[in-house]
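Chemist: Sequence:
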Amino acid sequence: MKFEIYELPNRPQGFETVEAMADEPQPEEGTEGRDAKKARTGSSDRVGKRKVALLLAYNGARYQGLQKNPNAVTVEEKLEQAIHRAGGISDDNVGTLQKVGWSRAGRTDKGVHAVGQIISLKMMLQPEPMVERINAQLQGESIRILGCERVTNSFCAHTSCEAREYEYLLPAYVLRAPSASSPKDEPLQEAELTQLAGFVQQLEGTHYFHNFTDGKLRRTDKEAQRYIIAVKASNAATRGGIAWVALRYHGQSFLLHQIRKMTAVVVACMRSALPSDSIQLGFSLPRLQTSIPLAPACALTLRRAFFPKYERWYGSRGSIHFDACATAQDAFMTEHVVPHILEQEALGVFSTFAAELDAYELRPVTRELIGADENTASTTPASAVGLPSAVEPDGSS
Numbered sequence: 001m002k003f004e005i006y007e008l009p010n011r012p013q014g015f016e017t018v019e020a021m022a023d024e025p026q027p028e029e030g031t032e033g034r035d036a037k038k039a040r041t042g043s044s045d046r047v048g049k050r051k052v053a054l055l056l057a058y059n060g061a062r063y064q065g066l067q068k069n070p071n072a073v074t075v076e077e078k079l080e081q082a083i084h085r086a087g088g089i090s091d092d093n094v095g096t097l098q099k100v101g102w103s104r105a106g107r108t109d110k111g112v113h114a115v116g117q118i119i120s121l122k123m124m125l126q127p128e129p130m131v132e133r134i135n136a137q138l139q140g141e142s143i144r145i146l147g148c149e150r151v152t153n154s155f156c157a158h159t160s161c162e163a164r165e166y167e168y169l170l171p172a173y174v175l176r177a178p179s180a181s182s183p184k185d186e187p188l189q190e191a192e193l194t195q196l197a198g199f200v201q202q203l204e205g206t207h208y209f210h211n212f213t214d215g216k217l218r219r220t221d222k223e224a225q226r227y228i229i230a231v232k233a234s235n236a237a238t239r240g241g242i243a244w245v246a247l248r249y250h251g252q253s254f255l256l257h258q259i260r261k262m263t264a265v266v267v268a269c270m271r272s273a274l275p276s277d278s279i280q281l282g283f284s285l286p287r288l289q290t291s292i293p294l295a296p297a298c299a300l301t302l303r304r305a306f307f308p309k310y311e312r313w314y315g316s317r318g319s320i321h322f323d324a325c326a327t328a329q330d331a332f333m334t335e336h337v338v339p340h341i342l343e344q345e346a347l348g349v350f351s352t353f354a355a356e357l358d359a360y361e362l363r364p365v366t367r368e369l370i371g372a373d374e375n376t377a378s379t380t381p382a383s384a385v386g387l388p389s390a391v392e393p394d395g396s397s
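Heads up, the sequence shown is in UniProt numbering, so the first residue is 1 and it goes up one at a time.
Misleading hints may appear alongside valid ones.
[Claimed, not checked] Okay, the calculated beta carbon distance ranges per label pair:
| # | residue 1 | residue 2 | range |
| --- | --- | --- | --- |
| 1 | Lys-216 | Thr-159 | 22 to 28 Å |
| 2 | Ser-316 | Gly-205 | 32 to 38 Å |
| 3 | Gln-252 | Thr-352 | 29 to 35 Å |
| 4 | Gln-98 | Arg-218 | 42 to 48 Å |
| 5 | Ser-154 | Glu-223 | 31 to 37 Å |
| 6 | Ala-177 | Arg-248 | 21 to 27 Å |
| 7 | Ala-328 | Tyr-227 | 27 to 33 Å |
[Unchecked claim] Taking lysine-lysine and the PhoX-like style, the derived pairs with C-alpha atoms no more than 25 Å apart in a straight line are:
| # | residue 1 | residue 2 |
| --- | --- | --- |
| 8 | Lys-222 | Lys-184 |
| 9 | Lys-99 | Lys-49 |
| 10 | Lys-184 | Lys-232 |
If you are wondering where the hints come from, they were derived from the structure by calculation, not from laboratory data.
Using N, Cα and C, we set each Cβ at its ideal position, and we do this for glycine too.
Working from the sequences, and respecting the hints, build out all of it.
Modeler: Below, the structure is given as structure tokens:
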């Protein structure tokens, strides 16, 4: 086989060159053919591993999250097994993701979907066509590889990723007050969209999101500070006789449950279930006595991961933004994710969520009792507390 070395002038330190793929593909001999078996078992004439970025889509409803965990059915477990059976990972390396340099751009929780997840790893690319071989092994699973590109050996889907974009789909009726008599198929009107934009734009910039996660972080923890690049709200297509609204969250990184809790507060403010300053209170109050409810996981999807620095240097070889796969991403969303969301809506998931918000009170610990035993500290509704003067500014930009 012949390989060609690409040289780039003034390439950044830490990035290696990548060998061009061989021009002559090897013949395929069935799903578990002789060549695939040689690759899996570590035969001496196998093709060497190459670092790749995979564009992955999945419906998360059937899995206990993305990341591989013992005694759990996860997306990564199913994907690794499929790559192994197709000949992309040898018998010596299967079962230990570190051996193949496995990394993911974003970690999605149980029930959360993706059409723009990026997985990087070293794997065999022969016999061709490897992606088709892997997808054949994924038949019966709600997982598909939509694209594959060669990357540099130093590329890491997690550390090289500079931003992620998630989409949350909401029925429009959930955003209206309980007293509203609008039919379920009526999209948000212009005034309602303007009001919604006013709430979601408060999330943009750098803030402390300690009250929008699992309760383990304090406002003084650096990890609680996150940068949200943009949040956009728009009417989406009417599906199942219901008008839908799409919230797009574009940020550097997100905490556990952060998007689902941000969505919950936005919805509660739109429904007048919480005061209009509740988002700012969530940033500024040291802690809440009662955790913010979670928006349903079924409506959250990782849409895209961004690698601008890598693209500037190596995107001409093959973009890992996978713009050419946009049609396939939309098709997977329409065929595999949206039907599940509609099914959950028919089961009353969003109505239950709305009722939970209507009964919720954002009750912070009062300024005088901050630091007292939470079991004995009294609480006051947020509308009566305001921003405690002892709390530092939230550092938004």
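Chemist: State for each hint whether it applies.
Modeler: Here's how the hints hold up against the structure:
no.	hint	in the structure
1	Lys-216 x Thr-159: 22 to 28 Å	holds (23 Å)
2	Ser-316 x Gly-205: 32 to 38 Å	holds (33 Å)
3	Gln-252 x Thr-352: 29 to 35 Å	holds (32 Å)
4	Gln-98 x Arg-218: 42 to 48 Å	violated (32 Å)
5	Ser-154 x Glu-223: 31 to 37 Å	violated (26 Å)
6	Ala-177 x Arg-248: 21 to 27 Å	holds (24 Å)
7	Ala-328 x Tyr-227: 27 to 33 Å	holds (30 Å)
8	Lys-222 x Lys-184	violated (42 Å)
9	Lys-99 x Lys-49	holds (11 Å)
10	Lys-184 x Lys-232	holds (22 Å)
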